[in-house]
Structure formats: C-alpha cells, structure tokens
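Visitor: Residues per chain, in single letters:
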Amino acid sequence: MERMQTPSWVLLVYKIPREPTAGRAYVWRKMKRLGALLLHDSVWVLPSTPWTREQFQWLAVEIIELGGEAFLWESHLLLNGQDEALVQQFLSRVDTAYQEILAEMEQEHADLVALSRKYQQVQTQDYFQSALGKHVRDRLLATRGGFES
Amino acid sequence: MKWVTWEQVGVDRMACAWLITKNIDPDAEFLFVPVGHQPLPEGAEPFDIPGVRLSHHRGHCTFYTIVREYDLKDTVLHRIARIVDEADVVQEVPVEPAAPGLDLICRGIRLTSPDDQTALARGKLIYDALYAQLASEPIQV
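Quick mapping for you: the protein sequence lines, in order, are chains A and B.
The first sequence begins at 16 in the working numbering and counts up one residue at a time.
The second sequence begins at 20 in the working numbering and counts up one residue at a time.
Rather than coming from a laboratory, the hints here were simulated on the basis of the structure.
Any given hint might turn out to be false.
What the hints assert, rightly or not - Straight-line Cα separation of at most 25 Å, DMTMM-like style, residue types lysine to aspartate or glutamate; simulated pairs:
1) B:K21 - B:E115
2) A:K133 - B:D46
3) A:K47 - B:D90
As the list claims (entries may be wrong) - What follows is a set of in silico ranges between Cβ atoms, one per label pair, in the way DEER data are often shown:
4) A:G96 - B:P53: 20 to 26 Å
5) A:R132 - B:S155: 25 to 31 Å
6) B:P53 - A:N95: 29 to 35 Å
7) A:F86 - B:L59: 42 to 48 Å
8) A:Q144 - B:S132: 26 to 32 Å
9) B:S155 - A:K30: 44 to 50 Å
10) A:T36 - B:E48: 27 to 33 Å
Glycine included, each C-beta is placed from N, C-alpha and C at the ideal position.
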C-alpha cells in the first residue's frame with residue numbers, strides 16, 4: 016500500500032434498512048473483510064489508496080441497491096497526532112490477529128494450512144506493514160522444512 | 020458501437036472489454052473519461068461506472084453483469100465471471116485462488132501501459148490465455 020507524508024483517509028457513512036437483517040449483516044461482514052475501522056459507531060474508515068477507494072465505491076453502490084443511503088468521502092485529519100493514532104489502531108488490530116496465529120502455531124498438530132490462509136487474509140488488511148506480520152510470514156515459511164538452505 | 024468507461028482500467032474492465040469485443044460487438048470502440056466525469060458522451064454505452072446498467076449489481080462485478088444481461092451461455096465465461104468477481108472486490112468466502120494474482124497482473128498491465136487503450140489490448144492477451152486454459156479443463160462454475 017502507498018504511504019504518504021500526509022495520509023488521506025476514505026470515510027464511508029451509511030444507513031441501511033433494519034429489515035431484512037441479511038443486508039445489514041452482509042455490509043457489516045464486508046467492512047470486516049476489508050479491515051475498515053468503525054469510529055464512534057458511525058464512520059467507517061480506511062487509508063485512502065486507489066484500491067480502497069474502489070472497494071468503498073462499490074460497497075456504497077451495494078448499500079444503495081439494498082435500499083440504504085451511503086456517503087463516501089476522502090479526507091485529511093486536521094489535528095496533530097491523529098494520523099499516527101489512527102495508524103496505530105489499524106496496526107494493533109492486525110497485530111492482535113497475528114498474535115493469535117503465532118499462538119496457534121505453538122500448539123501441537125497446528126493446522127498450518129488453515130493458519131497460512133488466515134495469515135493471507137489478515138495480510139490483505141495490513142495497510143501499514145506490521146513488523147509482526149513479517150515475523151508470522153517468516154515463521155510460516157520456516158515450517159516448510161525439506162531442504163536445508 | 021461505442022462503449023465508455025472511466026480511465027485507469029483494472030481487472031474487471033479489461034475483462035469486460037475483452038468480452039464485449041469477443042462476444043457482443045466485434046467492432047467495439049472504447050472511450051475513456053476521467054473518474055466521476057459528467058456528463059458521459061452521448062451515444063456510447065457506459066460500463067463499470069456506478070449506477071449504470073452494465074455495472075456492479077447485487078455484489079457482482081461488471082463482467083458478471085454483462086454475461087447475465089446478454090444471456091451468454093458459455094460456462095467458461097461463467098467461471099471467468101466468478102474469478103473476476105473475486106479479483107475485483109473482496110468476497111467473504113473466496114474459492115478462486117487465481118483471483119488475487121489476476122488482479123495484480125492487470126494492475127501491473129495498466130502501470131506499464133502508456134494509456135488505457137493499450138492496457139485493454141494487453142489485457143486481451145491475458146483473458147485469451149485464461150479462457151483457453153479454463154476451456155481445456157473440466158469446468159466447475
């Protein structure tokens with residue numbers, strides 16, 4: 016992902032009919048899958064890249080098709096230190112997931128195939144290149160065994 | 020006939036242009052407008068622009084929509100539609116391992132192409148290849 020001096024963020028605010036609940040749940044799961052952060056139970060945020068803008072754009076279209084309303088912005092934070100705080104929130108969330116993977120790898124008969132899949136999934140949400148993610152990757156690669164390098 | 024879409028084509032639009040030329044309009048001419056540009060040129064069919072007929076609908080990519088709208092029966096195209104669905108927009112439960120790679124390659128094609136027209140021409144090579152390979156396999160849609 017691109018990293019800029021002053022990061023921009025994409026914000027999605029939406030409202031969707033309470034019924035049917037399937038629509039609400041669908042959008043919620045998509046947000047989770049994208050690794051978007053929900054701020055104050057109202058605004059979903061992702062770092063702005065061509066990819067995230069496009070993902071949010073199509074999600075907004077889906078929300079409208081589901082009978083809801085959606086607004087999509089690109090924005091800059093104006094207060095000192097808030098960019099860093101937001102980046103930390105994104106990092107700490109993927110780091111929690113990476114920690115879980117590491118913990119599961121310690122188990123006897125760990126399912127490495129499932130764990131590598133989980134790693135790949137977390138990695139798509141790792142917008143700020145967590146150092147722990149690199150560590151998980153190295154550990155997974157080390158389990159391959161076979162030839163001495 | 021003329022077809023119009025936004026600039027900076029990616030995995031879905033390269034697939035769409037390939038499909039349009041191959042199955043719908045062999046003489047298709049593609050126009051590009053900047054993202055969000057209004058109004059769209061008259062007399063051109065818009066695609067992969069939010070809100071138009073040939074765009075994302077019900078969680079599916081534009082390629083999928085075109086296959087459905089034009090009632091194309093070729094099961095290889097249905098399989099490609101599923102792959103492009105997963106390549107273009109995150110899906111909750113992915114089943115096509117080729118999808119993320121296809122997305123990367125198409126993004127790279129745009130990066131190394133001087134303009135969108137060239138990117139579509141190069142994308143054609145990728146989709147011809149994907150089609151040929153899938154057509155040679157037992158298809159699971």
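Visitor: A separate judgement is required for each hint: does it hold in the structure or not?
Guide: Hints, verified against the model:
1. B:K21 - B:E115: Judged against 25 Å, a Cα distance of about 32 Å means the pair is violated.
2. A:K133 - B:D46: Given pair A:K133, B:D46 is violated - Cα atoms ~45 Å apart, limit 25 Å.
3. A:K47 - B:D90: violated (33 Å)
4. A:G96 - B:P53: 20 to 26 Å: violated (35 Å)
5. A:R132 - B:S155: 25 to 31 Å: At 28 Å between Cβs, range holds.
6. B:P53 - A:N95: 29 to 35 Å: 34 Å Cβ-Cβ, so the 29 to 35 Å window holds.
7. A:F86 - B:L59: 42 to 48 Å: With Cβ atoms ~22 Å apart, the hint is violated.
8. A:Q144 - B:S132: 26 to 32 Å: Since the Cβ atoms of A:Q144 and B:S132 sit about 27 Å apart, the hinted range of 26 to 32 Å holds.
9. B:S155 - A:K30: 44 to 50 Å: holds (48 Å)
10. A:T36 - B:E48: 27 to 33 Å: Distance hint for A:T36, B:E48 is violated at roughly 45 Å.
Of the hints listed earlier, those the structure fails to meet are numbers 1, 2, 3, 4, 7 and 10, in rising order.
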